[in-house]
Amino acid sequence: MTETWMILGATSGMAQALTRDLATRGAGLILAGRKTADMQAIAADATARGAQAVQVLTYDARDNATCDALVAAAEAAAGTFNLAVFVGSMPQQSAIDADPDLIAGTITDSLSGPAHLIHRLAPLMEARGTGVIVGVGSVAGDRGRLSNYVYGAAKAGFAAYLSGLRNRMARKGVHVMTVKPGPVDTPMTYGLPPMPFQTSPEKVSAAILHGVARRRDVIYVAPIWRLIMMVIRALPEALFKRTRF
Amino acid sequence: MTGGAEIRYSGWGRALSAKATLARPERLSDIVALGPAVGGRRSYGDAALNDGGMAVDMRRLDRIIAFDIEKGEIESEAGITLGDLARVTIARGWLPAVLPGTGHATLGGAIAMDVHGKNHHGAGSFGQHVLGFDLISPTGGQRRVKPGQPLFAATMGGLGQTGIVTSARIKLTHAPGAVVALRERRVADWAAHVAALTEAGDSYAVGWIDATAQGRDLGRGIVETAELSAGEARRRGGRPNLPFDAPRLALSAPIVRAFNAAYFHRVPLAGRDRIVPYEAFFFPLDAIGAWNRLYGHAGFHQFQCVVPPAAADGLRDMLAEIAAGGFASPLAVLKRMGPGRAGMMSFPMEGLTLAVDMPNRTGVVALIARLSQQAADLGGRVYLAKDSAAEPAALDTMYPEAAKWRQAVAKADPAGRMVTDLVRRLKLRETA
Ligand SMILES: Cc1cc2nc3c(=O)[nH]c(=O)nc-3n(C[C@H](O)[C@H](O)[C@H](O)COP(=O)(O)OP(=O)(O)OC[C@H]3O[C@@H](n4cnc5c(N)ncnc54)[C@H](O)[C@@H]3O)c2cc1C
Ligand SMILES: NC(=O)c1ccc[n+]([C@@H]2O[C@H](COP(=O)([O-])OP(=O)(O)OC[C@H]3O[C@@H](n4cnc5c(N)ncnc54)[C@H](OP(=O)(O)O)[C@@H]3O)[C@@H](O)[C@H]2O)c1
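For the protein sequence lines, the chains are E and P, in the order given. Okay, so the first sequence: first residue is 1 according to the numbering used here, each after it adds one. Okay, so the second sequence: first residue is 1 according to the numbering used here, each after it adds one.
Hints listed in this document are in silico derivations from the structure and should not be mistaken for laboratory results. All of these numbers come straight from a predicted model, not from anything done at the bench. Where is the CB? At the ideal position from N, CA and C, for every residue including glycine. Watch out, some of these pointers could steer you wrong.
Computed, partial: chain P to chain E, Cβ under 7 Å [as the list claims (entries may be wrong)]:
hint, residue
1, A5
2, E26
3, R63
4, I64
5, I65
6, V88
Pairwise CB distance ranges (calculated) [to be verified]:
hint, chain 1, residue 1, chain 2, residue 2, range
7, P, T139, E, K35, 56 to 62 Å
8, E, N64, P, A287, 46 to 52 Å
9, P, M54, E, H210, 34 to 40 Å
10, P, L285, E, A206, 55 to 61 Å
11, E, Y149, P, P414, 49 to 55 Å
12, P, A290, E, A95, 37 to 43 Å
13, P, A91, E, I224, 42 to 48 Å
14, E, D63, P, E430, 55 to 61 Å
15, E, A206, P, D68, 28 to 34 Å
16, E, D63, P, A91, 35 to 41 Å
17, P, P284, E, M195, 33 to 39 Å
Coverage of chain E stretches by chain P, computed from C-beta distances (three or more under 8 Å per stretch; other residues unrestricted) [stated by the list, open to error]:
hint, region
18, 86-94
19, 99-113
20, 159-166
Extracted from the complex, chain E is given alone in its bound form (with noise of 0.2 Å):
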């Protein structure tokens, strides 16, 4: 086997489409997340697509024991070792408004807890010198908006950390790559109104392989993206405050 990836957060939708496109190669899999009935059935449709390995295992952002195993499977795992991020939880702004307690465990989810196992893996890939770490940022985190700035907030962190991660990754030959997919046609999406530019979990999927295999640093899936947040980066605050983006 040649390449081993963790999927971290593996009932995402769009880390199911990239289990699949890996399956596919022929990649080693460690799926992680919390729903194990749910990983199982991915993993059987994986091993059936051509996956060499496919193991599941328990974890959850908010309990860092749950690390521990994670960091073994990956000391343990053949070829070169890769993971993908794809935790994240995106309450409702105003459940948050009325329960700031939720505060914390939004940015668990998307930041604290994500980058505590991406620091206990760091010193292992450094030293094998080989590798990718794929993060799942958000075009939310380029501004705070109104309809979700803890949500933002997290995000804004997630690329902050990955971003200074790279700088220290790269040193030792280990690839960082930020990912922002803009509108995706997932659960968390699906019944809402149709946003401009919506894109798949097969084309997030296709766009993090296409942008690993050229060592991109931050992709946005639809480029569009790309060009909307940096117009709305450069609005003033004085301007941005009154828009309902």
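Chain P with the ligands: place on chain E using the hints.
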């Protein structure tokens, strides 16, 4: 189940549409049979529509559950497309034993229509290769259904009326490689066309008809015969997509005539033999994404019927009527069928089947209704996966087991939750 979304959707022909609350479950355990299942929406008419009601979009349920490479059996969630199944299995020397003309049909949709392929004369229908399936019934509860059980025959070709098929296990056929050895021959007229199809000893055989040809040339076309094969084929380039509705002119009569003549003459007089990728043979139209938009905003219909061998010439009269009315399109297909069928409402019967696309123009619905009646008079039947214009009265003649099926369905779905626009339109579940 994931919260439903109110969505307007249509069948592949785009002439009929519905607005329904569509749930889209992400895992098998989330499925609730609150309404009929919707698969790849490759039925042409209203088979998958439920206007004003609920429906369950199956497309996220596309995981393979187990692939037994020794035995050649695969079990999968029912929303997987047959194209995906073909891709995965052919890499290991296997292929679904029956494949319809599009890879976008789902496993569940193939069961609900008991679909047929270009090898029906030898291999039978899709349902004859199904080893078992899980069914969630609208009355609650889930069960495994096996061949031989009454619910099996009521579900195969059963238009989704017995409940939602969540997963199924199918028997595969050996595939020596990812290509097909294809032989193309011109046939000059109707008699030659029928003779070539009837005499073909090959596993796969299908005829393309130039539906614009009239008089002496009526029925002329190209007969393709094929065998699964090993070897290399030249790969085609990227896949074009039709991003907009074509203007009305695109498929006007002179253009179709010109296209068909060119298509016919593409094959040299002496015929030709080639090795082609399996997708190019099984799913030729899938190479152009969203080709249904070629017919413009109004959409189109497909008429497909089968008649017994002795009544084959009745199809020639239908062709003449279609050509005379100027409704011919580039797509007209003739196939030989064997007796194989797996369900009470399955379409196949021994004989010859004709399928013709027609633009949704004034007069087409009346024409299809007339053709449907002719099919019934000839002892044949229309294919409900394609229908949008048959008359309810003829249905029980065409489908002699309809009464038995109706009883089984009444038991499986007493509250009528799985009823679709097609079933309502044709009064399929109403006792006379
Ligand atoms: C280009 C083209 C070529 C074709 N060629 C052929 C051919 O050669 N032979 C042939 O037989 N057909 C052919 N067809 C028709 C097609 O194979 C059938 O209409 C098939 O049923 C489509 O499957 P689907 O998943 O799109 O189902 P849909 O069209 O979405 O639904 C069809 C029916 O299946 C039911 N259904 C779907 N999923 C489930 C489920 N999980 N459980 C229970 N019921 C379910 C629906 O309720 C509905 O009644 C062709 C269609 C196209 C567009
Ligand atoms: N959908 C979009 O439009 C969109 C746009 C931009 C960015 N994103 C981001 O893309 C990523 C994938 O999202 P998605 O759309 O595929 O949605 P999703 O299905 O909700 O994915 C979120 C994933 O995170 C996991 N998760 C949440 N909290 C966790 C915790 N405490 N411990 C372990 N796992 C946890 C979930 O696991 P469970 O299954 O156990 O809940 C799930 O696998 C997320 O980071 C999301 O923020 C999404």
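Among the hints numbered above, which are violated by the structure, and what are their numbers in rising order? Going through the list in order, the structure violates hints 7, 10, 13, 18, 19 and 20 and respects the others.
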